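When you get a sec, could you build the whole thing from the sequences and use the hints?
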Amino acid sequence: MRGMAALVGAGESRIGKIPDRDSLGLMADAACAALADAGLSFADIDGLITTPSRVEGWPMPCAVVAGALGLRPRYFSTVDVAGASGTAMIQQAAMAVATGAAEVVLCVAGQSFLSGMSRAGAIEAMATRGSAAHAELEQPLGPPIPALYALLAERHMHDFGTTREDMARVAVEARRNAALNPNAHKRDMITVQDVLDAPMIATPLGRLDCSLVSDGAGAVIVTTAARARHLAGPHGWLLGAGYGFGHAWVGDSGDLTTTAATLSGAAAFAQAGLRPDQMDFACLYDCFTITVIAELEDLGFCPKGEGGAYVSSGAIAREGVLPVNPHGGLMSAGHCGLPAGLFHVVEAVTQMRGKAGARQLARRDTAMVHGNGGIIGVHCSLILGSEATL
Amino acid sequence: MTLFRPDIRRCTDCGTLRVYPKPLCPTCHGPNSAPAQISGKGRVYSFSVIHRASNAALAAEAPYTIALIDLAEGPRLPARIEGPITCGDAVVQIASDSPYPVFARRP
Numbered sequence: 001m002r003g004m005a006a007l008v009g010a011g012e013s014r015i016g017k018i019p020d021r022d023s024l025g026l027m028a029d030a031a032c033a034a035l036a037d038a039g040l041s042f043a044d045i046d047g048l049i050t051t052p053s054r055v056e057g058w059p060m061p062c063a064v065v066a067g068a069l070g071l072r073p074r075y076f077s078t079v080d081v082a083g084a085s086g087t088a089m090i091q092q093a094a095m096a097v098a099t100g101a102a103e104v105v106l107c108v109a110g111q112s113f114l115s116g117m118s119r120a121g122a123i124e125a126m127a128t129r130g131s132a133a134h135a136e137l138e139q140p141l142g143p144p145i146p147a148l149y150a151l152l153a154e155r156h157m158h159d160f161g162t163t164r165e166d167m168a169r170v171a172v173e174a175r176r177n178a179a180l181n182p183n184a185h186k187r188d189m190i191t192v193q194d195v196l197d198a199p200m201i202a203t204p205l206g207r208l209d210c211s212l213v214s215d216g217a218g219a220v221i222v223t224t225a226a227r228a229r230h231l232a233g234p235h236g237w238l239l240g241a242g243y244g245f246g247h248a249w250v251g252d253s254g255d256l257t258t259t260a261a262t263l264s265g266a267a268a269f270a271q272a273g274l275r276p277d278q279m280d281f282a283c284l285y286d287c288f289t290i291t292v293i294a295e296l297e298d299l300g301f302c303p304k305g306e307g308g309a310y311v312s313s314g315a316i317a318r319e320g321v322l323p324v325n326p327h328g329g330l331m332s333a334g335h336c337g338l339p340a341g342l343f344h345v346v347e348a349v350t351q352m353r354g355k356a357g358a359r360q361l362a363r364r365d366t367a368m369v370h371g372n373g374g375i376i377g378v379h380c381s382l383i384l385g386s387e388a389t390l
Numbered sequence: 001m002t003l004f005r006p007d008i009r010r011c012t013d014c015g016t017l018r019v020y021p022k023p024l025c026p027t028c029h030g031p032n033s034a035p036a037q038i039s040g041k042g043r044v045y046s047f048s049v050i051h052r053a054s055n056a057a058l059a060a061e062a063p064y065t066i067a068l069i070d071l072a073e074g075p076r077l078p079a080r081i082e083g084p085i086t087c088g089d090a091v092v093q094i095a096s097d098s099p100y101p102v103f104a105r106r107p
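First to last, the protein sequences are chains X and A.
In terms of the numbering used here, the first sequence has 377 at position 377, counting the first letter as 1, and numbering is strictly consecutive.
In terms of the numbering used here, the second sequence has 104 at position 104, counting the first letter as 1, and numbering is strictly consecutive.
Read the hints as simulated data drawn from the structure, not as lab findings.
Since we're looking at a predicted model, the values are computed, not measured.
Wrong hints could be hidden among the right ones.
[As the list claims (entries may be wrong)] Calculated lysine to aspartate or glutamate pairs in the EDC-like style (CA-CA distance at most 16 Å, straight line):
#	chain 1	residue 1	chain 2	residue 2
1	A	41	A	61
2	A	22	X	252
3	X	304	X	159
4	A	22	A	7
5	A	41	A	82
6	A	22	X	136
[Said to hold, decoys possible] Ranges of calculated distance between the beta carbons of each label pair, as one might list FRET restraints:
#	chain 1	residue 1	chain 2	residue 2	range
7	X	248	A	31	17 to 25 Å
8	X	4	A	83	56 to 64 Å
9	A	55	X	362	43 to 51 Å
10	X	358	A	28	56 to 64 Å
11	X	67	A	2	47 to 55 Å
12	X	197	A	7	39 to 47 Å
13	A	62	X	314	30 to 38 Å
14	A	72	X	165	52 to 60 Å
15	A	28	X	74	41 to 49 Å
16	A	21	X	319	47 to 55 Å
17	A	14	X	135	24 to 32 Å
18	X	320	A	62	33 to 41 Å
Cβ coordinates follow ideal geometry from the N, Cα and C atoms, glycine included.
Right under this line is the structure:
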């Protein structure tokens, strides 16, 4: 798989409160932006991968999206591994172009998550229809999604001495990055104290430990190595990918503080022939502050239990050894629910193409992009590299 | 006030206990199981005190505590908790009118 597929274009809709667009409208905007970036048109697309919409509840999302965008794909699929869908879509698109099932695959996903269902509606939907909590054993207890991630956070603090200040630093760095991103939903600077003082949602997670509720869509174009060489670069090349399954339900787990990102990350690095310390930056699924700390450990960027200290050392800041989520992530750039993992891929490709504007990183040859779904139960990791890494 | 009994099953092929309903034993993939009794004792693996519930009906109950209990018999059970706790605390199931198990710190 290494080097057989290239990510040749990326784009996103406006992100934030976008009441004049429904989910399909947001996806159309993102698709147009990605095609323009790639120098391609809708007529070039012969493959489509998308995700379900929890807002609309379409019966067969890939068909609904193909019809809405006027596509005639010869390969199409709906991917649903919740927050891991964004990275999984890319891995599956790469398989499609590597096998010849398609040549140019549009990966597009988005939701009118804020305007389409209201902030409160989105939060309730995630707790119920989002299938994050088991219907018989967990939902009757009344856990909102933050409480389920709080179980990881509380145990991580107990086992390793991770602090609320460590977690807060994740949110602060995300906001610093978002301040440089004109399309970010939240750009006002925050401090560690602001995060600690924010209203408590589910101990130990306060409101600013949680990702946003946003409208938005992202799109990435994946094609063959041969086709990519006829398109304007630089491109992001897929060097490796891997999946990891831990559990479907948070209570049906073993050691919650060590996630199956250990499996997905190791598989992706092995395929790429690279190590964590060779990554120039990372785009990590950041539904909650604790998620990033667990991922940094399990993907191998720091030893188990030291994620909090790693973050508090400044490592993930844009000036640090491993800039994380230079666009601001789900914490600050935007979170449109299940499809939002695609934003992390969009940002990695945008950085590699040198089109990130004020937030452009100097070192951008290698990146880890990681998605996590459910209550940190399913994982898909990607390693992207510039042409120089092939 | 009763002790809510979740449908915990024991694999009759290999003896593995399971809390989450599954058609096959997660250890040996055997299809046969029987109801299992639990002692109602365990330890808190982790917990969260919920201040902002996800709907209006639950908001009236807030703050309330959910937890994952590692049962003395082995498997993990999600439950509500009455009273203050921390990770590792020994807990015991208490009687309740609620349609879910409720635990409290063991005196």
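Note to self: Just to be sure I understand the hint, the distance between the Cβ atoms of residue 14 of chain A and residue 135 of chain X should be within 24 to 32 Å; is that true here?
What the structure shows: holds (27 Å)
Item checked: Distance restraint hint 52 to 60 Å, applied to the beta-carbon atoms of residue 72 of chain A and residue 165 of chain X -> Since residue 72 of chain A and residue 165 of chain X have Cβ atoms about 36 Å apart, the given range 52 to 60 Å is violated.
Notebook entry, point to check: Is the distance from the Cβ of residue 67 of chain X to the Cβ of residue 2 of chain A consistent with 47 to 55 Å?
Noted result: Check passed, 53 Å falls within 47 to 55 Å.
Next item on the list: Below or equal to 16 Å on CA atoms is what counts here, so check residue 41 of chain A against residue 61 of chain A.
Entry: Answer violated: residue 41 of chain A to residue 61 of chain A is near 25 Å, above 16 Å.
Item checked: Pairwise hint evaluation, residue 159 of chain X against residue 304 of chain X, where the allowed Cα distance is 16 Å at most -> holds (10 Å)
Notebook entry, point to check: Holds or violated: are the alpha carbons of residue 41 of chain A and residue 82 of chain A at most 16 Å from each other?
Noted result: Given that 16 Å is the threshold and the Cα spacing comes to 14 Å, the pair holds.
Notebook entry, point to check: Between residue 197 of chain X and residue 7 of chain A, is the Cβ distance one that fits in 39 to 47 Å?
Noted result: holds (43 Å)
Margin query: If I claimed the Cβ atoms of residue 4 of chain X and residue 83 of chain A lie 56 to 64 Å apart, would that claim hold in this structure?
Written below: Cβ of residue 4 of chain X to Cβ of residue 83 of chain A: about 58 Å, so the range 56 to 64 Å holds.
Notebook entry, point to check: Is the gap between the beta carbons of residue 21 of chain A and residue 319 of chain X within 47 to 55 Å?
Noted result: With Cβ atoms ~50 Å apart, the hint holds.
Item checked: Restraint status (C-alpha distance of residue 22 of chain A to residue 7 of chain A at most 16 Å) -> With Cα atoms ~11 Å apart, residue 22 of chain A and residue 7 of chain A stay inside 16 Å; holds.
Note to self: Looking only at beta-carbon atoms, does the pair residue 358 of chain X, residue 28 of chain A fall within the given range of 56 to 64 Å?
What the structure shows: holds (58 Å)
Next item on the list: Check the following: the C-beta atoms of residue 248 of chain X and residue 31 of chain A are separated by a distance inside 17 to 25 Å.
Entry: holds (20 Å)
Comparing the model with each earlier hint shows violations of hints 1, 14; every other hint is respected.
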